[in-house]
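When the sequence shown is numbered by full-length UniProt numbering, its final residue is 87 and no position is left out of the sequence of numbers.
It is possible that part of the hints are untrue.
Derived DEER-like restraints, expressed as beta-carbon distance ranges [to be verified]:
{"id": "1", "residue 1": "Leu86", "residue 2": "Arg10", "range": "46 to 52 angstroms"}
{"id": "2", "residue 1": "Met1", "residue 2": "Ala23", "range": "23 to 29 angstroms"}
{"id": "3", "residue 1": "Lys22", "residue 2": "Lys69", "range": "35 to 41 angstroms"}
{"id": "4", "residue 1": "Pro5", "residue 2": "Asp43", "range": "55 to 61 angstroms"}
{"id": "5", "residue 1": "Glu57", "residue 2": "Gln6", "range": "45 to 51 angstroms"}
{"id": "6", "residue 1": "Pro5", "residue 2": "Lys69", "range": "33 to 39 angstroms"}
{"id": "7", "residue 1": "Arg52", "residue 2": "Asn3", "range": "49 to 55 angstroms"}
{"id": "8", "residue 1": "Ser77", "residue 2": "Leu18", "range": "27 to 33 angstroms"}
In silico DSS-like cross-links for lysine-lysine, where the CA-CA straight-line distance does not exceed 25 angstroms [claimed, not checked]:
{"id": "9", "residue 1": "Lys44", "residue 2": "Lys8"}
{"id": "10", "residue 1": "Lys44", "residue 2": "Lys84"}
{"id": "11", "residue 1": "Lys69", "residue 2": "Lys22"}
{"id": "12", "residue 1": "Lys64", "residue 2": "Lys9"}
{"id": "13", "residue 1": "Lys75", "residue 2": "Lys64"}
{"id": "14", "residue 1": "Lys75", "residue 2": "Lys22"}
{"id": "15", "residue 1": "Lys69", "residue 2": "Lys84"}
{"id": "16", "residue 1": "Lys8", "residue 2": "Lys22"}
{"id": "17", "residue 1": "Lys84", "residue 2": "Lys64"}
{"id": "18", "residue 1": "Lys22", "residue 2": "Lys64"}
Please keep in mind that the hints were generated in silico from the structure rather than gathered at the bench. Small disclaimer: the values here were computed from a predicted structure and weren't measured. Every residue, glycine too, gets a C-beta built ideally from N, C-alpha and C.
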Amino acid sequence: MANSPQAKKRARQNERRLAVNKARRSRIRTFLRNVEEAIASGDKEAATAALRAAQPELMRGVTKGVYHKNTASRKMSRLAARVKALA
C-alpha cells in the first residue's frame, strides 16, 4: 500500500496510464484482426486496404510506448508478406 503522497499520486497515474495503454492496444489489435480476416477471406484488395489502415496505427503504438519498434515492424512485415502472397 502506498503511504507517501508521492507514492499515492504515482499509483493514480499508473492506473490512468494502464487504462489508456489498454485502449490503445485493443484498438491496434482490432486493426490487425481486420487484416487477418481479409486475408482469410482471400480478398486481396480488402486485405491491402486493411493493411494500409493498420500500419499507421501500429507505428502510433510504437511512438506511444505500447509496442517495441521491432515488434511492430515484424508484425507489419509478416502481414505484408501474407497479403502479397494472396495473388
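Quick rundown of the hints versus the structure:
At about 48 angstroms, the CB distance of leucine 86 to arginine 10 agrees with the hint of 46 to 52 angstroms. The hint said 23 to 29 angstroms for the Cβ distance between methionine 1 and alanine 23, and at roughly 27 angstroms that hint holds. Distance hint check: the CB atoms of lysine 22 and lysine 69 are about 20 angstroms apart, inconsistent with the given range 35 to 41 angstroms. Remark: the range hint 55 to 61 angstroms for proline 5 to aspartate 43 is upheld by a beta-carbon distance near 56 angstroms.
Taking the beta carbon of each, glutamate 57 and glutamine 6 are about 35 angstroms apart, not inside 45 to 51 angstroms as hinted. In this structure the hint that proline 5 and lysine 69 lie 33 to 39 angstroms apart at CB holds, the actual value being about 36 angstroms. Between arginine 52 and asparagine 3 the Cβ separation comes to about 50 angstroms, which falls inside the hinted range of 49 to 55 angstroms. The beta-carbon spacing between serine 77 and leucine 18, approximately 29 angstroms, falls within the hinted interval of 27 to 33 angstroms.
With a C-alpha separation of about 51 angstroms, the suggested pairing of lysine 44 with lysine 8 is violated against the 25 angstroms cut-off. About 8 angstroms separates the Cα atoms of lysine 44 and lysine 84, which keeps this hinted pair within 25 angstroms; it holds. Between lysine 69 and lysine 22, the direct Cα distance comes to roughly 18 angstroms. Compliance with the 25 angstroms bound is thereby established for this hinted pair. Among the hinted pairs, lysine 64 with lysine 9 is consistent with the structure: their alpha-carbon atoms are about 21 angstroms apart, no more than 25 angstroms.
Our distance criterion of 25 angstroms between C-alpha atoms is met by lysine 75 and lysine 64, whose separation comes to about 17 angstroms. Restraint check for lysine 75 and lysine 22: the C-alpha separation of about 19 angstroms stays at or below 25 angstroms, so the hint holds. Restraint check: the Cα-Cα separation between lysine 69 and lysine 84 comes to about 22 angstroms, which is no more than 25 angstroms; the hinted pair holds. Our distance criterion of 25 angstroms between C-alpha atoms is met by lysine 8 and lysine 22, whose separation comes to about 21 angstroms.
Proposed proximity of lysine 84 and lysine 64 is contradicted: the alpha carbons are some 29 angstroms apart, above 25 angstroms. For the hint pairing lysine 22 with lysine 64, the CA-to-CA distance comes to about 12 angstroms; that is within 25 angstroms, so the pair holds.
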